[in-house]
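A.B. asks: In order, the protein sequences belong to chains U and P. Counting along the first sequence from 1, when you hit position 95 you're at 95 in the numbering used here, and nothing is skipped either side. Quick note: to get the numbering used here, add 1000 to the position in the second sequence (first position is 1).
None of these hints come from the bench; they were simulated from the model. Don't take each hint at face value.
Unchecked claim - A few chain U residues that face chain P, going by a derived Cβ cut-off under 8 Å, partial list only:
id	residue
1	Glu20
2	Trp37
3	Arg42
4	Pro164
5	Phe255
6	Ala256
7	Glu286
8	Arg331
9	Gly349
Unchecked claim - Listed next, the stretches of chain U that the computed footprint assigns to chain P, with coverage defined by at least 3 CB atoms under 8 Å from CB atoms of chain P:
id	stretch
10	199 to 206
11	338 to 345
Ideal Cβ positions, reconstructed from N, Cα and C, are used throughout, including at glycine.
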Amino acid sequence: MASRILVTGAGGFIGARLVEVLHCAGGWQVVAGVRRWSTAARVARFGVELAQCDIRNAEQVARALSGVTHLVHCAVTGDDRATIVEGTRVLMEGALQAGVRKVVHLSTVDVYGRPEGEVLEDRAYAVTGRVYGDSKIEAEQAVRAMAARGLPVTILRPTLVHGPFGATFTVAYAQRLQAAPWLVPAAAAQGTCNLVYVDDLIGAILAALEARTAPGEAFNINGPERPSWNEYFQALNGALGFAPLVYAEPAQARFAQKAMEPVRAVAKATLKRLKPQIMALYQRSELARRFMKAAEARVRNTPNANELEAFGRRVSFSSAKAARLLGYQPRFPMSEALPLTAAWLRASGFVLAP
Amino acid sequence: MPAPRIALIGCGAVAEAFYVPALRKRAGLARSLVVVDPDRSRAEKMRASLGASEAVTDYRQVLGRVAGALVLTPHHLHVPITLELARHGVAVLCEKPLAETASEVDAIVETGRAQKVPVMVNQTRRLFPASREVRRLIAEGALGELRELHYELGAPFDWPAATPAYFRGGRGVLFDTGVHVVDLVCWWLGGEPQIVDYADDSRGGTEAVARIRLRMGGVDAHIHLSWLTKLRNAYRIVGSKGCIEGGAYDLSSFRLNGRRRSAGRAWQVYEDFVAVLLDNFADVIAGRAEPLVSAADVRAAISVIDTCYAQRKALREPWHDAWQRLFAQERWAANG
Chain U
1 MASRILVTGA GGFIGARLVE VLHCAGGWQV VAGVRRWSTA ARVARFGVEL AQCDIRNAEQ
61 VARALSGVTH LVHCAVTGDD RATIVEGTRV LMEGALQAGV RKVVHLSTVD VYGRPEGEVL
121 EDRAYAVTGR VYGDSKIEAE QAVRAMAARG LPVTILRPTL VHGPFGATFT VAYAQRLQAA
181 PWLVPAAAAQ GTCNLVYVDD LIGAILAALE ARTAPGEAFN INGPERPSWN EYFQALNGAL
241 GFAPLVYAEP AQARFAQKAM EPVRAVAKAT LKRLKPQIMA LYQRSELARR FMKAAEARVR
301 NTPNANELEA FGRRVSFSSA KAARLLGYQP RFPMSEALPL TAAWLRASGF VLAP
Chain P
1001 MPAPRIALIG CGAVAEAFYV PALRKRAGLA RSLVVVDPDR SRAEKMRASL GASEAVTDYR
1061 QVLGRVAGAL VLTPHHLHVP ITLELARHGV AVLCEKPLAE TASEVDAIVE TGRAQKVPVM
1121 VNQTRRLFPA SREVRRLIAE GALGELRELH YELGAPFDWP AATPAYFRGG RGVLFDTGVH
1181 VVDLVCWWLG GEPQIVDYAD DSRGGTEAVA RIRLRMGGVD AHIHLSWLTK LRNAYRIVGS
1241 KGCIEGGAYD LSSFRLNGRR RSAGRAWQVY EDFVAVLLDN FADVIAGRAE PLVSAADVRA
1301 AISVIDTCYA QRKALREPWH DAWQRLFAQE RWAANG
């Protein structure tokens, strides 16, 4: 009989891809857990079973886990600590009660803070004050507490996940490359870009579901290469068929970044306080629409201080432990992954064909 | 003149988002409403918020007691409820899409005719001033001989659905969103085009991306729809003498040969058109007007959509098929 597997966050980038692969590979009875029905459009194409599963809601969690033998926890909501920490706690407690045979918890290399050099899994947690990374540390601690109570759970810490449907490291950079001017000087982007293609992460999840490892064991999941950020930008630019990058002068880039900081802060605060009014104005006035679109593109295309810091940092997250104990083997270097990504970006209307 | 007694059937997201704001501005109509929803608390809440006269849980309870009904239920209930209402002499304003097949539309039209009750459909995009002006220009030959029509409409699906009904039954973006675009194209071109090609991304479930190629006379029409990503959300119509370009959400203006052309009052939103439709529905019930969009008017679009599904081909998605490389040589043959 097929194993029954629940994927939380099935409306998201990684969860949806996992549902697709599990369904297509066969041998699994897949339950796609979504917080809101509206996020199910991507996985609904496969006719898989859908379950409403807000991980903060113990009743919904218990229902979704009914008869489940395997669980992969992909659900996160941006910088929402309540979901990341308390939701994980509720879900893992539910899995323990339901007697789930194997759990994979998706974490992040952000639990290491902003490290330099080679990072192995025994590196200590580093709290940075950023909600996402700090909350993921707390979530890992909750998972490990549950592992100590007997939950057979494996923790995966993927690096920067890219590929089709990836908003942060795929769509955002593709749109910036298309928009021009390119505001990241080559010299500012010589740090390491620890990219892992989404299907390699899926391969790691499948391996973790199968492997017998100690409960609560954590694994870095990285791609097969360690390009610089600049090499990634150039490779993506090339895959999209765009003209070679024309770099901004460092002084121009610094000025743009500094000038944009107050604009970004004001826009964020205004949107938070007056979102309904702003949306009404957007809907009703063509002039307002044009202004807002232009302003949003400008903000989006200008790197912020955190990004510039990351572009320059030299760090490598080792996947050697995952290779050794899980049999993890990344198969998608940029040369294989980016043509697939570019085809998706064009077909989905994010970028225009060259 | 007193407002006709009308039932509002289905208190879900479409009622909340579009009909309630319009009804609030029509106090007489709102007060006379009978609100219907199988979830009594939902029905009662909407009754109270509109100051309506009554809330019930089954639409059959309004048969013989109302002159008209707004059918705002999940899509798959449109046909059976509309037919039953019409059979009992109740005029109907049904949300889009009216039906899945042309024969269902025919049955509704026939029933309405036999019972002498009007059946209308909310195809909001036909009411936009820009849409109406585009149709007029095409009909008057302002573009010369038409050659191409392109329409893209797409955004991540974000409808606040209370149930997964949208993802059941295997009819997705083409049926739900596409009915707006296909209907507009049929209306602009003045008939039912031939289907040259149809492909979508369904893999046994409900499609989220669809591409259609239609032909009518010498016109090639290309439609691209998505529930997954934001598309250009624009249309372009090219003729031998000129070109029209417009935004899908620009309700009142477009560009004719590169120059902006206003077709009506700016500052209009969806609810404004629902208000127009409600007024028209009240007038139609009173015998003072013809329906703005009747059931018969949408037959061509429903027929095109149903035929598309029958001829469905799979979209090519190499990024999807790459998962097979994970299993290329070995190990994850069985799970465990």
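A.B. asks: Take the hints in turn and mark each one as holding or not.
C.D. replies: Now for the hints, and whether the structure bears them out:
no.	hint	result
1	Glu20	holds, 7 Å
2	Trp37	holds, 5 Å
3	Arg42	holds, 6 Å
4	Pro164	holds, 4 Å
5	Phe255	violated, 31 Å
6	Ala256	violated, 25 Å
7	Glu286	holds, 6 Å
8	Arg331	holds, 6 Å
9	Gly349	holds, 4 Å
10	199 to 206	holds (count 4)
11	338 to 345	holds (count 4)
Of the numbered hints listed earlier, those contradicted by the structure are 5 and 6.
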